[in-house]
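Participant: Could you put the whole structure together from the sequences, leaning on the hints where they help?
So the protein lines, in turn, are chains G and E.
Here our numbering is used: the first residue of the first sequence is 1, the next is one more, and so on.
Here our numbering is used: the first residue of the second sequence is 1, the next is one more, and so on.
In short, the hints are calculated from the structure, not lab data.
From the three backbone atoms N, C-alpha and C, an ideal C-beta is built for every residue, glycine too.
Check before you lean on any hint, since a few could be wrong.
[Unchecked claim] Quick list of simulated restraints, FRET-style, between CB atoms:
| # | chain 1 | residue 1 | chain 2 | residue 2 | range |
| --- | --- | --- | --- | --- | --- |
| 1 | G | Ile13 | E | Lys233 | 44 to 50 Å |
| 2 | E | Asn74 | G | Tyr7 | 49 to 55 Å |
| 3 | G | Gly110 | E | Arg110 | 49 to 55 Å |
| 4 | G | Tyr7 | E | Val22 | 28 to 34 Å |
[Claimed, not checked] With a cut-off of at most 30 Å between alpha-carbon atoms, the simulated DSSO-like pairs for lysine-lysine come out as follows:
| # | chain 1 | residue 1 | chain 2 | residue 2 |
| --- | --- | --- | --- | --- |
| 5 | G | Lys24 | E | Lys135 |
| 6 | G | Lys24 | E | Lys192 |
| 7 | G | Lys24 | E | Lys62 |
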Amino acid sequence: MSRTIIYNLLRFIVLVFIQVFLLKNISLYQVVTPYFYILFILLLPFNIPNFLLYALAFILGITIDAFYDTPGLHAASCVLLAYVRIIFISITVQKEGFDNEPEPTLGLMGFRWFFLYALILTFLHHFFLLNLESFRFSQILFTLTRVVFSTIFTVLLMLISGLMFFKKKVR
Amino acid sequence: MRNLLIFISKYNAFFLFIIFEVSSLVIFVKYNNFQKATFISSSNEVIGNIYLKADQITDYFKLGITNDSLARENARLRNQLKSSFYVDSSSVKTVTDTIYKQQYTYIAARVINNSFNRRNNYLTINRGSNAGITKGMGVISSSGVVGIVINTGPNLSTVQSLLHENTRISAMLADSNNVGSLIWDNNLDPTKAMLINIMKQVKIKVGMPVVTSGYSLFPEGTMLGHISRLDAKNSSNVTGFEVNLSVNFSNLQYIYVVTNKLAQEQEALEAQEKQ
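Facilitator: Structure below.
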């Protein structure tokens, strides 16, 4: 129990640092802007209470907002991400089959499930975030291009980090 | 009543989602209208200090470039010194000059946080109200106009960059003094801006310099850039002239905040006019 809390706390700090001091400066052709920090919400344990999940998503979003000078923008996107995560997991995973406090990692769930999970959740998050940021219909094509390429880059980063900390577990 | 509670607890994911989403959207809408007059921003002490520390580290990697630009600016300033002109006439007389009084003063500051690749960009600088900076002052660098101060803390200030959709600067062509406005149109290119509202009769060529006019916050004649294309259009179909900005926003280090000593007087007079 306490191990899970410490792991997630460390993950929170490390991901915020990576996002703010490394990825914030990356922008390829004004199109690719990765938002890798959402990996924190993706990797929270399966049996986390809904309220706690939303609260953590909100805190993560507000923290990133404070660094990006965009109050509420990332918070709104992260809360949406948390809702999509609940729906996706309730459709595809049976919670009874697990032993103590599993997390939806690449090693535990297999490549196909994790790839689909990361792709759908990242796409919806980026779609909401970038449209809320530009906030006008006349730029919708440019925004969609940004969404698609940023999603590809973020998912790539997630798969790389998943393989770096790969631990094969039996379900 | 009991049925209602059961219903809510069964679909708690959805109701919690509504609560959290609405509260974050309220924050988003509220604070973006009021030009970020909020504590969740980088002029906040805690976040500002973290940026300050990170900047101190990355500063070392940019020392070469900074030295170069400082040396160039030194050279330019040296050119304006009295001692670098020689006296041409034979009789010399010293006159205490009371015609010229200083109108603009400059406060030097360092950029500790900078963005240039988003739709609306902001900078954070390491001087605040303690150094005499107030909201609405202009900010320039050695190569041209940078932005406008929008929020000050005691030791830090937030600057709305030229690369922002609300920034509009009164500009003119340096050769003919025809006045227009400079805006940043929305192709998100940090090296280009657009000059609009120039009279149709004016002949414009590629390469003409564009400077600030006397109506702006900035001293008249501060560099903005050069005309680079004649038939530019932004997304709302306004035609104008594309301007190659003279400031390189990706490596801003030292900037100057411009204080106009006559600004208060001018504001007070113009407010009287409106009544």
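Participant: Check each numbered hint against the structure and report the violated ones by number, ascending.
Facilitator: none
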